[in-house]
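Visitor: We have chain A; now place chain B onto it with these hints.
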Amino acid sequence: MTKLIKYSFLIFACFIEAKPFESTYEPLPSENILIRNANIYDGEGNEFNETDLLIQDRKIVAIGKDLPVGSEFLIIDASNKWVTPGIIDIHSHMGVYPAPGVSTSSDGNEATSPVTADVWAEHSIWVQDPQYALALKGGITAFHILPGSANLIGGRGVTVKNLQRNTINSMKFPDAPHSLKMACGENPKRVYGNRQQAPSTRMGNAAGYRKSWIQAEAYLSRLDEYEAKSEEAKEIGYAPQRDLEMDTLAGVLRGEILVHNHCYRAEEMATMINIANEFNYKITAFHHGVEAYKIADLLAENNICGALWADWWGFKHEAYDMVQANIAIVDQALGGKGCAIVHSDDAIGIQHLNQEASKALAAGLRAGFDISKARAMNWITSNPAKAAGIYDQTGSLKVGKNADVVIWSKNPFSVYALVERVFIDGATAYDRKNNFQPASDFDVGIISPEKNRIEE
Amino acid sequence: MISQSKKVLFLVFIFFNGIINSESILIQNATIYDGKNNNAFVGNVLVDGNKISRVSTANLRGDKIIDATGKILTPGIISTDTGIGIVEIGALSVTRDDSSDLYKIGFSIYDAFNPNSVLIPWNRSNGITSTLTLPQNTDSPIGGLGSFFVLDSNLEITGIKDNVMIGRVGGSGGESRSETFSIMEDLLEFASSIDSKDMESYQDAADLIDDSPIAETMELHPRDLKALYRLINDDLPLIIKANRASDLLKLIKIKEKYDLNLIIMGAQEAGLVANKIAESDVPLIINPINNIPESFDELAANIELAGDLERMGITLMFNAPRSHNYHLIRQGAGVAVANGMSYEGALKAITLSPVEIFNLGDRGQIAQGNIADLIIWDADPLEPSSMPEKVFINGKDIDLTSRMSRLTDRYTKNKDKPNGYRN
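The listed protein sequences derive, respectively, from chains A and B. Position in the first sequence counted from 1, then plus 585, gives you this note's numbering. Position in the second sequence counted from 1, then plus 1, gives you this note's numbering.
Treat the hints as calculated values from the structure; they're not laboratory data. Keep in mind that a hint or two might mislead.
Calculated pairs, DMTMM-like style, for lysine to aspartate or glutamate (alpha carbon to alpha carbon, straight line, at most 25 Å) [claimed, not checked]:
#, chain 1, residue 1, chain 2, residue 2
1, A, Lys867, A, Asp828
2, A, Lys995, B, Asp282
3, A, Lys1018, B, Glu305
4, B, Lys37, B, Asp379
5, A, Lys1036, B, Glu311
6, A, Lys1018, B, Glu311
7, A, Lys995, B, Glu89
8, B, Lys414, A, Asp882
9, A, Lys644, A, Asp760
10, A, Lys901, B, Glu89
11, A, Lys901, B, Asp212
12, A, Lys958, B, Asp410
13, A, Lys995, B, Asp381
14, A, Lys958, B, Glu390
15, B, Lys416, A, Glu1035
16, B, Lys418, A, Glu886
17, B, Lys418, A, Asp882
18, B, Lys416, A, Asp955
19, B, Lys414, A, Glu1035
20, B, Lys277, A, Glu1035
21, B, Lys254, B, Asp282
22, A, Lys901, B, Asp102
23, A, Lys958, B, Asp381
24, B, Lys414, A, Glu903
25, B, Lys277, A, Glu1040
26, B, Lys414, A, Asp760
27, A, Lys666, B, Asp410
28, A, Lys901, B, Glu311
29, A, Lys901, B, Asp410
30, B, Lys72, A, Asp955
31, A, Lys986, A, Asp760
32, A, Lys867, A, Glu820
Here's a subset of chain A near chain B, in silico, CB distances under 10 Å, partners left out [what the hints assert, rightly or not]:
#, residue
33, Lys722
34, Ile860
35, Leu946
36, Gly974
37, Ala1002
Every residue gets a Cβ at the ideal spot worked out from N, C-alpha and C, and that includes glycine.
Isolated chain A, as found in the complex:
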């Protein structure tokens, strides 16, 4: 094998196996903990009262009544308190639209071309965003950061642990799949239409996605063709040249990258399902979906989650037909086979996803559905974990999963419930009582030199 061939083979090996920017996450120091006598929503639709939760070696090892433990366990009495899995937000722009919202760190939209599948949100993240710590006090243990919605295909999203660190790789959720942000409707056609370029219409949007997928199919078939060759043939042939945009789109067609599609109107979501079928890829979730309730059964038939707000509306024409029962209707589609997620898209909302779920649940009950609080808890725990591709690791209090756990002062469906303690991988990340909370470097000495930005 000549050096050249060896080299090109290596490139190709990277091509399929390439995992640059791999997670280097390391958890905080942990203890073995027994949370005693808690009321529990497990994120699997169950409620347990006066029940113990056992955390050992960073994992959930048991859930049950009167669990016996040795003296080496830290025992936390959670009588009259509530315990849930760590809350997960499937739609965040923290880090890419950090606070303060200034032009110099407005890094969420590469609005220079309608298709920018080559950009990765993780390369925009400002790790000192002071908003992560605020979200932590709302029980957020993991969140999915997306590029914005200016583009038809906006680039890759990334799922992170809510532990502020000095590099992005050290915040990345280990083994979480990459995602792809796509956007329907008003935003892309406004951004590019205003510049007298395509797309300026919804039909222009549809053409734009399809053209990209046609390119991606051709790229993938060149890859497949090359991969199918014998080792000898590979040695004499050249590997196809890598293309960052096509890497991402081919990753979707191969089922390795999850599609998260910003889309408000019912008929546009249906069109996007047609396009996904035409090119044989899967849409994991529609985001915002103010009209998801109009096609709830269609979403359920296609196993597509609706990542939705409880009540946002009216800021755009495509957000005009809001109903507060949207989330419940999506949840209850096909007799309860729907996948509903409460998302925030907002640094305030992410701190109160429990309250947003509470509003959505109440609206569902008023619309006549029979939905338990335990099930509604899935909307902000297991369902977003599934949509982020991390459900095998977190999102519910199943034995064997990461000990991502929140202790609440009251029932989390109440506005008066405060987060008392947050564990990420069995380690205390926030403890209200002992005033144990992170502060980013941004927070240090910025108002008065001797203090952090927020001192409680």
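Guide: The following block gives chain B in isolation, referenced to the frame of chain A:
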């Protein structure tokens, strides 16, 4: 002297008295938070015509009885910072009537108000019975007039025209805030110099503008002049949006110098200068759920702000983070309580305080003789999951149907029919 706003109020009351319900309504056995006093009590409220005619723990008689046993009764909620009636769809300028390029200080949104806006039934079904609707900020640091509207959907507007002026310091502007304060003071100096005689004719006003460097530079119109005159002479409430602690202090100095009826909105750093705010008795409109240091003016943003300010004796009112759902001041109030504010204080901030600060007449409190804007809740009104069961505006039992409730029905009932043929 009867101020202009009071004159308007007087007319409004005459109008209300014309609509008398034929039968009285007795709300019986409700848990009453009256908006003013600290303790709830179980009692009865008699509504006669558009007024509350009795509030009592003793038995009362009425023509129509509504049993509110176990239910909370509050005054109608008043939202103090909205675009209700002047913005239908945020991103569609053809549905917006909230800005003017021509008028800088006297710009009024009153005549643009649309009583048929879909925002009205929606916010009303969530407990908002009246609103202060404010324009966008104009190019001037003070200017733009907001109005008070009762959300009764009557095409003949019920409200108080131009009862508040707005303004802004800091934020996104590129110019120095020092320039902003200078313009503000120049305008106030000019306003103080205006004599009522100066406005007797259009020509007089135009001459005055020509003689004033600041009025000329800012290309003011006689309409702007009248608004400035009212600001100084009619004690017109002035809501200035400002957040940075140093800006709040400067505004307090300006208030004192010109004897302004100042209210500060935003006030994210009020906690750093709470003593001064309390001393000078400046009410605040804050968003208790907003703890994001969204700009370099708001670094001290803090979820415990509402409770901290309440303990300093500062009068608070609330606004909401997102357009269209102005009723979310209830959720904000709940968050304020969760983080240290008193329940009664939070309720007062969205009922009686706006009435007292903006002179909105006999509203905001469940008391004999007041206008009957009342809500019977299905649960705690500060829980965002709660909803009104009954809403009374001007004593009238309001239908709670909204476009949203209609769409919900459309997609949860009669699903065998194609959607176009459902109700």
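Visitor: Compare the structure with each hint and give your call.
Guide: Results for each hint:
Distance hint between A/Lys867 and A/Asp828 is fulfilled; the C-alpha atoms sit about 22 Å from each other, no more than 25 Å. For the suggested pair A/Lys995 and B/Asp282, the alpha carbons sit about 36 Å apart, so the restraint of at most 25 Å is broken. Note on A/Lys1018 and B/Glu305: the hinted pairing holds, with a Cα-Cα distance of about 15 Å set against a maximum of 25 Å. Proposed proximity of B/Lys37 and B/Asp379 is supported: the alpha carbons are some 21 Å apart, at most 25 Å.
The suggested pairing of A/Lys1036 with B/Glu311 holds, with an alpha-carbon distance near 23 Å, which does not exceed 25 Å. Note on A/Lys1018 and B/Glu311: the hinted pairing holds, with a Cα-Cα distance of about 23 Å set against a maximum of 25 Å. Simply put, A/Lys995 and B/Glu89 have alpha-carbon atoms about 38 Å apart, too far for the 25 Å limit, and the pair is violated. With a C-alpha separation of about 14 Å, the suggested pair B/Lys414 and A/Asp882 falls inside the 25 Å cut-off, and the hint holds.
For the given pair, A/Lys644 sits about 17 Å from A/Asp760 by alpha-carbon distance, which is consistent with the 25 Å threshold. Between A/Lys901 and B/Glu89 the CA atoms are separated by roughly 9 Å; this keeps the pair inside 25 Å, and the hint holds. Taking the CA atoms of A/Lys901 and B/Asp212, the gap is about 45 Å. The hint is violated against a cut of 25 Å. Taken as a hint, the A/Lys958 and B/Asp410 pair is honoured in the structure, with Cα atoms around 23 Å apart against an allowance of 25 Å.
As the CA atoms of A/Lys995 and B/Asp381 are separated by approximately 15 Å, the hinted pair is consistent with the 25 Å bound. The hinted pair formed by A/Lys958 and B/Glu390 meets the criterion: a straight-line CA distance of about 22 Å does not exceed 25 Å. A C-alpha spacing of about 63 Å is found between B/Lys416 and A/Glu1035, which places the hinted pair above 25 Å, so the restraint is violated. Restraint check for B/Lys418 and A/Glu886: the C-alpha separation of about 20 Å stays at or below 25 Å, so the hint holds.
At roughly 15 Å between alpha-carbon atoms, B/Lys418 and A/Asp882 fall within 25 Å of each other, so this suggested pair holds. Of the supplied pair hints, the one linking B/Lys416 and A/Asp955 holds, its CA atoms being roughly 18 Å apart against a limit of 25 Å. Among the hinted pairs, B/Lys414 with A/Glu1035 is inconsistent with the structure: their alpha-carbon atoms are about 61 Å apart, more than 25 Å. Distance check on the hinted pair: B/Lys277 and A/Glu1035 sit about 23 Å apart at the alpha-carbon level, within 25 Å; holds.
For the proposed pair B/Lys254 and B/Asp282, the alpha carbon gap of about 12 Å is at most 25 Å, so the pair holds. Distance restraint check for A/Lys901 and B/Asp102: the Cα-Cα separation of roughly 23 Å lies within the 25 Å cut-off, and the hinted pair is therefore satisfied. Distance check on the hinted pair: A/Lys958 and B/Asp381 sit about 18 Å apart at the alpha-carbon level, within 25 Å; holds. For a cut-off of 25 Å, the pair hint linking B/Lys414 to A/Glu903 stands: about 23 Å separates their Cα positions.
Between B/Lys277 and A/Glu1040, the direct Cα distance comes to roughly 21 Å. Compliance with the 25 Å bound is thereby established for this hinted pair. Taken as a hint, the B/Lys414 and A/Asp760 pair is broken in the structure, with Cα atoms around 43 Å apart against an allowance of 25 Å. Proximity of A/Lys666 to B/Asp410 is assessed by CA-CA distance (about 37 Å); at most 25 Å being required, the pair is judged violated. With a C-alpha separation of about 36 Å, the suggested pair A/Lys901 and B/Glu311 falls outside the 25 Å cut-off, and the hint is violated.
This hinted pair checks out: A/Lys901 and B/Asp410 have alpha carbons roughly 23 Å apart, not beyond 25 Å. Between B/Lys72 and A/Asp955 the CA atoms are separated by roughly 23 Å; this keeps the pair inside 25 Å, and the hint holds. Only pairs whose Cα atoms come within 25 Å are accepted, and A/Lys986 paired with A/Asp760 is accepted, the gap being roughly 14 Å. Among the hinted pairs, A/Lys867 with A/Glu820 is inconsistent with the structure: their alpha-carbon atoms are about 34 Å apart, more than 25 Å.
Interface hint status for A/Lys722: upheld, as the beta-carbon distance to the closest one in chain B is roughly 8 Å, under 10 Å. Contact between A/Ile860 and chain B, as hinted, is not supported at the beta carbon level, the nearest pair being about 23 Å apart and thus beyond 10 Å. With a cut of 10 Å, the hint placing A/Leu946 at the interface with chain B holds, because the nearest CB-to-CB distance is about 7 Å. Taken as an interface hint, A/Gly974 does not check out: its beta carbon lies about 29 Å from the nearest beta carbon of chain B, beyond 10 Å.
Hint status for A/Ala1002 relative to chain B: holds, with the closest Cβ pair at about 7 Å, below 10 Å.
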